[in-house]
Every structure is written in C-alpha cells, then in structure tokens.
Amino acid sequence: MADRKLGDPIARDPDHRNDDHRDDLTAQSVSIVIDGHQLHASPGETLLEAARRVGVVIPTLCHDDRLKPTGACRMCLVESSDNRRMVPACRHPVADGLEVVTDSARVQRHRRSLLSLYAADAPDGILPGTELDAHVLRYGLEPTLPQAEAPRAGRPDDDNRYILFQPDRCILCARCTRYCDEVEAVAAITLAQRGSQTTIATVDNVSLLDSTCELCGGCIDTCPTGALVERKAADRQEDFGDLEPVRTTCNYCGVGCQFDLQVDRAENKVVRVTSPAPGLTTNDGNLCVKGRFAYGFIGHPERLTEPLIRDKSGQLVATDWDTALQRAADLLTGVRDRHGKDSLGFISSSRCTNEENYLVQKLARAAFGTNNCHQCAAT
Amino acid sequence: MGKGRGKDNSRGNGEGKGGRGGGHHRLHDEPRRRDADHLRLLPAFDALGGLRPGASAVVSLETGVPQATAYGVASFFHLIARPDVDVRVCTGLSCQMAGADDLLARLRTVGAAVDPCTCLGQCDRAPATLRTDTGGGGHFTPLHAQRDGTAVTGWLQTELAAPNLSADDAELVINLAGEDDPTWAAAQRAAALGGDAVVAEISAAKLRGRGGAGFPAGFKWAAVRRNAARDPVIICNADEGEPGTFKDREVMAQRPHLLLEGMAIAARAVGASELIIYLRAEFAAPREALLGAIVQARAAGHLDGLRVELALGHGAYICGEETALIEALEGKRGMPRHKPPFPTDSGYLGRPTLMNNVETFACVPAIILRGGAWFCGLGRGDATGTKLYPISGDVARPGVYELPLGVSFAELLAVAGGVTGGALLAFSPGGASSGLLPGHMADVALDFGPLQAAGSMLGSAGVVVLNDTRDVLKATLTRARFFRDESCGQCAPCRVGTQVLVRLLERMAHDGGSVADREALERVSWEMEEGSICGLGQAAPIPVRHLMQHFLQAPPTS
Chain G
488 MADRKLGDPI ARDPDHRNDD HRDDLTAQSV SIVIDGHQLH ASPGETLLEA ARRVGVVIPT
548 LCHDDRLKPT GACRMCLVES SDNRRMVPAC RHPVADGLEV VTDSARVQRH RRSLLSLYAA
608 DAPDGILPGT ELDAHVLRYG LEPTLPQAEA PRAGRPDDDN RYILFQPDRC ILCARCTRYC
668 DEVEAVAAIT LAQRGSQTTI ATVDNVSLLD STCELCGGCI DTCPTGALVE RKAADRQEDF
728 GDLEPVRTTC NYCGVGCQFD LQVDRAENKV VRVTSPAPGL TTNDGNLCVK GRFAYGFIGH
788 PERLTEPLIR DKSGQLVATD WDTALQRAAD LLTGVRDRHG KDSLGFISSS RCTNEENYLV
848 QKLARAAFGT NNCHQCAAT
Chain Y
153 MGKGRGKDNS RGNGEGKGGR GGGHHRLHDE PRRRDADHLR LLPAFDALGG LRPGASAVVS
213 LETGVPQATA YGVASFFHLI ARPDVDVRVC TGLSCQMAGA DDLLARLRTV GAAVDPCTCL
273 GQCDRAPATL RTDTGGGGHF TPLHAQRDGT AVTGWLQTEL AAPNLSADDA ELVINLAGED
333 DPTWAAAQRA AALGGDAVVA EISAAKLRGR GGAGFPAGFK WAAVRRNAAR DPVIICNADE
393 GEPGTFKDRE VMAQRPHLLL EGMAIAARAV GASELIIYLR AEFAAPREAL LGAIVQARAA
453 GHLDGLRVEL ALGHGAYICG EETALIEALE GKRGMPRHKP PFPTDSGYLG RPTLMNNVET
513 FACVPAIILR GGAWFCGLGR GDATGTKLYP ISGDVARPGV YELPLGVSFA ELLAVAGGVT
573 GGALLAFSPG GASSGLLPGH MADVALDFGP LQAAGSMLGS AGVVVLNDTR DVLKATLTRA
633 RFFRDESCGQ CAPCRVGTQV LVRLLERMAH DGGSVADREA LERVSWEMEE GSICGLGQAA
693 PIPVRHLMQH FLQAPPTS
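Protein sequence lines correspond, in order, to chains G and Y.
Here the first sequence stands for residues 488 to 866, where the numbers follow our numbering.
Here the second sequence stands for residues 153 to 710, where the numbers follow our numbering.
None of these hints come from the bench; they were simulated from the model.
Treat the hints with care, as some may be off.
One side of the interface only, derived from the structure: several residues of chain G facing chain Y at Cβ under 10 Å [as the list claims (entries may be wrong)]:
{"no.": "1", "residue": "558"}
{"no.": "2", "residue": "630"}
{"no.": "3", "residue": "723"}
Note that the structure is predicted; figures quoted are calculated from it, not measured.
Every residue, glycine too, gets a C-beta built ideally from N, C-alpha and C.
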C-alpha cells in the first residue's frame with residue numbers, strides 16, 4: 488500500500504492492483520478470446536473479470552465484488568466454447584483457448600427473456616434508477632408476460648425505524664444476505680422458504696431490532712432493485728436519482744469513513760446517506776448505523792446554531808461568539824483562581840477532529856495549567 | 153445469544169483477502185470450517201420436533217450456525233418447516249386421478265390439520281397420504297384411502313396393500329420378488345477381483361444411472377477411483393420423489409441387502425470407507441428394512457472397515473438432484489450447485505463423491521456375479537440390462553415390473569394388465585419431467601435414446617397411464633404446479649418461469665387461451681431451458697411443449 492497515491496483506488500487483492508502486471512505472468516497465464524479481443528488471463532480468474540479488463544460489459548445482478556459469486560441471477564450468462572449451455576460469467580473460470588461471446592443473438596434473447604421474467608415478478612413495476620432498471624433500458628424486454636403470483640412474505644410487524652424490506656421489489660439475488668454474512672459477519676438475514684415463496688427473512692421473522700442486525704444498512708447499498716431502502720427515505724425512492732451527492736467525512740469516530748450526503752437542493756435537506764462504491768475509500772463501501780442513519784441532527788429544530796448564555800433569570804439567550812467566549816473564559820478563570828488549577832478538568836468529544844482534540848488539551852495544559860484532560864474515545 | 157456468538161468466521165481466519173496466495177477468486181474454495189457445524193443442523197431441528205418458534209435459537213446454540221441461517225435452512229424443507237400438519241395428501245398425477253382432491257376436502261371437513269404435498273412415492277396405492285406421528289422427530293406413517301374407482305369410499309387405513317411385482321425369476325438383475333442373499337456372494341467375488349477389475353466390469357456392463365440422467369456408471373466409478381487418495385465417499389440417492397416413481401421404495405423394502413452389497417462393492421472398488429444413504433423420510437417400510445439389513449450385514453462382518461449412515465430427507469423434491477442432495481446433507485438449503493466441479497471431484501464436504509441411484513447400486517451384485525457381458529445381453533437393441541418400471545394411473549395392476557431395458561410402453565402396459573376405465577389417451581413415460589405422450593406413440597421404446605428422440609426422456613421410468621376420460625390440459629397443469637411448488641427458488645428462470653407457466657395454463661384451461669398466450673408459453677419455455685441452473689427448471693417446460701405439440705388443436709388464427 489505504501490506506493491499508493493492519494494485518490495488511487497484501494498486494491499482489494501494484491502493481484503488485482505495493476506492490470507498490466509498480468510501480462511508478466513505469461514508462464515501461468517491462459518489465452519482467451521472475448522468478443523474478438525485476444526487477452527491473457529490468470530488461471531482462477533473469472534470470465535467477468537477478464538471481460539472487464541478489455542472493456543466488454545457483461546450485465547450482472549447478484550454479483551458484488553466483495554461477495555463469493557453464486558451465478559444465481561442468470562443475468563451474466565454468456566456463450567463459452569467449453570460448454571454447450573450458456574455459463575455465468577461471474578463464476579465461470581477462464582481456460583486456455585476459450586472463446587467467449589457476450590453479444591450473440593442467443594445471449595441477447597436470453598437477457599430480454601430473463602428481464603421479462605423479472606418484470607413479471609415485480610407487481611409494482613421495476614423501480615427507475617436501479618441496476619435492474621438500467622439493464623431493462625439497455626437490453627430491452629420481450630413481450631409482456633402475465634404477472635407471477637410473487638407470494639413473498641415481508642415483515643409487516645418489523646417496526647425498526649431504519650431498514651425497510653419491500654418483498655414485491657425483491658428478485659432474491661441474495662446480495663443482502665450474503666453481504667450480511669460474508670462482509671459484516673452478522674448473518675441477521677437469510678433466504679427463507681423455497682420456490683415462489685422464497686423471501687428474505689430474519690429468524691422467526693422477528694424485527695431487525697430483535698435480531699443480530701447491527702443496522703449498518705449495507706444491505707440497502709448492495710440491493711440492485713430498491714427492495715431494501717432507508718425507511719425514512721422510502722417515500723422519496725422514485726427520485727433518488729435527482730438528489731445531489733455531497734462527499735464528506737463521517738465525524739462520529741476516528742475511522743474516517745467517507746460518505747455521500749444525498750441532498751435535495753430545493754428543500755436544502757439531506758434525504759439519505761450512501762457509501763461511495765467499494766474500493767474507493769477507507770470504508771470500502773461500508774458504513775455503520777451512525778454514519779448511515781444518524782444524520783437527523785443536521786436539520787433538527789433543537790440543534791444549536793448560535794452561542795447561548797444565561798441571563799440573570801437563568802434563561803438562555805442568543806449572543807455573539809466574542810461575548811460567549813469571554814463569559815466562559817471569565818468563569819473558568821474565576822474557578823481556577825478560587826479553587827486552584829487542578830479544580831478544572833477538560834473532556835472533549837470523539838466527534839471532534841484530531842486537531843480540535845489537540846487544541847483542547849493545549850487549552851487545559853497551557854492556558855489553565857492542568858493535566859486533567861480527556862477525550863471520550865480515549866479509553 | 154449475544155452478538156458475536158455463532159457468527160460466521162469469514163473474518164480473520166486467514167481465508168480473507170490476503171490469504172489466497174495466487175488464487176484470484178473463491179470459485180472452488182475448500183469447505184469452510186463452519187461446515188462441520190452445519191452437519192448437525194437438520195437432525196437438531198428433528199430432535200426439537202421441527203421449526204417451531206424459538207427452535208432456531210436452540211439449534212444455533214447447539215451447532216454454532218447463526219440463528220437466521222439455521223432458520224433459512226429449516227424453512228426450506230417442508231417436513232421441518234410445517235411441523236403441525238397431521239396428514240399430508242399426495243397431489244401427484246396418479247393420486248389426483250384417484251381422487252386426491254376429494255380426500256383432501258373430506259379431511260378438511262373433519263378439521264384435520266391437512267396439507268397437500270407433491271409426491272409420496274405411493275402412486276400404486278393412490279390416493280396416498282402420510283400421517284405425522286405424534287412427537288415429531290421425523291417419523292411418518294404412510295396411509296391410504298379405500299376407494300372404488302376414483303371415488304374415495306372409506307377412511308384412511310394403515311394396512312398398505314402388497315405391491316404388484318414381477319414374479320420371482322433368477323434371471324432378472326434385481327428380482328424384487330426373490331430372496332435377499334445375506335451371504336453377499338458378489339461382494340466376496342468383487343474382493344477377489346480387485347478394484348480395477350470391478351470398475352472394468354461395471355464399464356463393460358454399460359450400466360447407465362437409473363435415477364434419471366442415465367449417466368454411465370462406469371465413468372463415475374472410474375473418475376472417483378482416480379481420486380482414491382482424497383478420501384472419497386459413497387452416497388446412495390434414495391430420495392425417490394419423482395411423481396409416478398416408486399421403484400427404489402420396493403428395492404429397499406424387498407432387497408435391502410442387494411443395495412447395501414452394491415454400495416459396499418462400490419466403496420471397496422473406489423477406495424471409500426464411508427457410505428451414506430440419503431433416504432426419503434416418508435419411506436417408513438424401506439427404512440425399517442434397511443436398518444435391519446445393516447444390522448445383519450454388520451454382524452456378518454460384511455461391512456468391516458466401512459461406516460454406514462442412513463440420512464433422512466426432509467421433504468424437498470429438488471434434493472433428488474445430486475448437488476442439491478449434497479447441500480442438504482451438509483445442512484444447507486437444498487439449492488443445486490453449479491457444475492463444474494462435478495461431485496466425482498468435489499462433492500460432499502469437498503471430497504470426491506460417488507453418487508448413484510438405489511436401482512443402479514442394486515444392479516451391481518448381479519453384474520459382478522454374472523459379468524458385464526451377461527448384463528449387456530439382457531437389454532433390447534443398444535440398451536443393456538433390465539429396468540424397474542413403476543407404472544400407475546389408469547392401469548389394471550399398478551406396480552413395479554422388471555423388464556428388459558428398452559421394452560415398448562405397449563408391452564409394459566400389457567404386463568400391467570392394460571388400461572382401465574376407457575381407451576388409452578396418453579402416457580407419461582418417465583416421471584413429471586418426461587411430459588405426456590399421445591396413445592398412438594405406445595410403441596416407443598422405454599429407453600434413454602428413443603425417448604429423447606421423441607422429445608421426452610426415460611427419467612426415472614415412472615410411467616403413468618391416462619385413459620380417454622382424462623383431460624391432458626388438466627394433467628399438464630398438475631405437473632406445472634408440481635414444478636412451481638418444488639422449484640428451489642434459486643434462479644429466476646425456474647422460480648418465476650414455473651409460476652408464469654401455471655398462470656398461462658390456467659388461462660388456457662379457463663378459456664382456451666389466445667395465440668399470444670401460446671407464444672408466451674413458448675418464450676418462457678425457451679428461457680427456462682436456456683437459463684435455469686439445474687435440470688428441474690430445464691425440464692419443467694417439457695410437459696407444456698408436449699401439450700402444444702401433441703394435444704392442442706392449432707389455435708384460431710385471428
């Protein structure tokens with residue numbers, strides 16, 4: 488990592504850091520052809536990974552680079568010369584001499600047919616702006632089929648205020664359950680039932696609050712259909728695409744996660760918080776419950792936006808910074824003069840930056856002469 | 153359970169991002185450490201009487217599998233997921249033709265906790281039912297109704313009628329009516345021959361798998377023998393659940409030693425020391441017979457050096473698919489795996505796995521004793537050996553008949569006493585996936601190649617006969633619902649495709665269907681065949697194709 492420059496994507500696998508270096512591996516590499524592109528690939532690489540390097544786009548739904556590929560959604564089926572059936576590019580390994588075709592009439596028909604089945608399984612229609620919707624726009628549909636019954640159960644009694652599961656939008660790609668298990672190691676949700684009844688469930692269908700869920704919301708981020716959504720933002724789901732992302736750093740703890748505040752400019756309001764794509768920032772696509780959901784303070788009516796001091800009757804009244812700081816300095820100095828410098832102690836917040844915390848201890852030691860200083864995350 | 157208990161170990165166990173050496177991806181991972189915990193998962197639910205509220209938490213504590221994961225696995229299997237059902241009524245084609253719907257309604261009127269289910273493997277005793285014994289624990293008793301024709305006349309009874317079988321004949325390969333040989337003469341001969349010669353004999357017999365796919369057994373045996381150093385395991389697929397099929401039931405009930413002997417011969421030939429029989433929990437008599445034979449064989453020393461486990465299924469047709477069966481054995485949701493890797497390389501717990509059907513293993517002792525050439529001489533044309541043909545529906549003597557592989561349907565029908573209740577309209581040559589062929593094709597050979605050429609398949613050879621009072625569209629709808637209910641749900645072509653097929657067929661049954669509906673049937677069928685992960689979804693449209701090809705009038709061109 489030492490040679491990584493600021494702004495470079497973080498490599499998730501040493502072998503993936505630099506695509507060029509694959510060509511140095513000729514001793515171990517295999518030669519394949521994808522849509523006419525001749526390329527070298529490493530044994531163990533998948534067709535999807537190889538195709539990406541030559542700019543061939545293969546659509547996926549159940550695939551997330553952080554998860555073990557399952558090949559379940561069937562979106563990435565391509566023709567490969569080692570199989571008479573189409574194979575899932577996300578998990579089919581390269582082999583020497585393989586010829587892969589990703590845009591034949593057969594593959595195109597399959598994509599339209601499959602998307603038509605997903606559409607027939609979506610009673611409320613396909614949500615604009617989602618990965619599924621993008622595939623429909625790009626690859627098209629076959630003529631409309633009768634709606635499937637889609638009797639997937641949700642959790643109507645789950646009253647958690649953070650994560651909403653909308654079963655009618657779900658395509659059962661299982662990215663959420665695998666993310667919860669393989670990335671977060673929480674396994675609060677699971678594929679449950681079978682066949683047309685298959686759904687996403689918690690144990691005994693309890694509320695997420697009563698499960699092992701840590702409310703990180705990573706399931707929402709990875710969902711390709713909008714079946715999972717922030718409950719607070721659910722009624723805005725149709726216009727998520729119109730929101731303006733504002734990249735910033737979370738200050739709830741010292742990790743330094745980056746996230747995007749999704750802002751409605753017209754209302755000057757944060758509608759939801761999303762994580763930058765995996766591989767780009769320290770948090771690698773993840774957030775915690777605070778980062779994702781604890782943004783209500785931003786526009787909260789009780790938020791302090793100006794300094795307040797108490798008047799003679801004890802009521803808080805607004806004032807300017809100079810007055811407020813002078814009042815604080817006078818009173819603290821008074822305490823020190825009456826009771827000694829170690830009668831004072833300074834505690835700072837973990838939500839302060841390093842620099843702010845530094846200044847608080849400097850204030851304690853240099854200005855007031857006491858070592859009584861602490862930061863709430865220091866223990 | 154506190155957080156942190158029972159969590160997956162995918163963090164920090166050295167398997168993560170840095171720990172893979174040169175491997176780019178996680179395609180063929182060695183089994184994860186948590187597999188060991190999963191093995192006890194389904195038996196633990198059995199011990200608790202099924203998936204009741206709170207059971208997942210207890211199982212999670214016992215096994216270390218996360219609660220939600222345990223719940224997800226248990227909810228997949230109907231016998232665990234619905235523990236409060238007292239009586240299950242089979243709605244397979246043969247049972248439905250014998251009045252299963254009547255029976256279901258009758259039972260509901262008396263307030264029994266009754267559920268329809270897809271196939272109980274008692275097609276010759278249709279309509280079949282299954283009682284869940286009090287106390288749970290996966291104990292079931294098959295029942296059947298008294299009937300007169302298709303009308304159910306009497307209450308359930310537990311005395312099952314003796315099955316109709318081919319008469320005792322020492323020239324048959326399996327010979328269901330014959331005496332089981334407790335001396336295991338074939339196993340002794342196999343020991344004298346040695347592994348290479350045994351595999352060569354199976355190959356010479358050109359024995360093809362009797363479970364449905366017809367894969368040459370000799371190939372599988374040879375492939376696993378090449379992996380002898382990697383601790384292979386022998387699995388018998390006794391999860392017989394294809395509607396119309398009840399032959400393995402009789403092999404296990406009548407000739408359990410034959411099956412065990414065949415498995416033991418296979419184990420010693422490929423260097424395996426562990427035998428697992430994955431048996432339908434619904435099969436009570438076969439279980440008793442097998443347990444008795446295992447005790448006898450163990451006492452006689454036939455099983456020295458071999459571990460034998462009788463694992464019970466939990467009510468999921470898809471677990472007859474070999475990789476789904478392996479998933480279920482490993483305590484996971486019974487969803488088929490992608491191949492490759494094939495089980496012969498990496499199957500149960502990543503070990504080389506030789507899986508054959510009950511009937512396939514039961515053919516082995518005769519092949520070893522009398523030779524592959526003898527076996528080859530028994531079939532018709534290119535086919536080798538004899539075949540157990542279970543036949544049910546509108547037929548005088550439903551039962552299991554052992555005939556040369558490749559006999560015609562007409563010959564089998566004659567052996568079973570002919571059609572009852574009318575003239576022959578249609579027949580299903582090999583289970584639900586084989587569809588329905590019209591009566592005028594009765595001379596088709598019941599063999600792998602000829603049936604495939606006819607757009608059907610031999611499959612499990614479970615033959616169902618329909619007389620001319622039957623409605624082929626209704627029969628096709630029954631089978632479409634079967635596939636919808638038994639799809640594992642993993643991939644959309646099968647999960648959604650089976651639902652859409654049912655919707656379209658229902659429309660067709662209601663008003664004849666439009667040209668657009670038929671085109672939609674064709675499009676959905678294409679996608680299911682092209683896009684499904686496993687054979688269930690790929691074969692599910694076959695009955696629909698047969699309906700359109702053989703039985704429907706050309707649609708009005710409007």
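Verification of the hints:
1. 558: Hint holds; residue 558 of chain G Cβ to chain Y Cβ min 5 Å, cut 10 Å.
2. 630: holds, 7 Å
3. 723: At about 28 Å, which exceeds the 10 Å cut-off, the nearest Cβ of chain Y leaves the hint on residue 723 of chain G violated.
In this structure, the one hint that does not hold is number 3.
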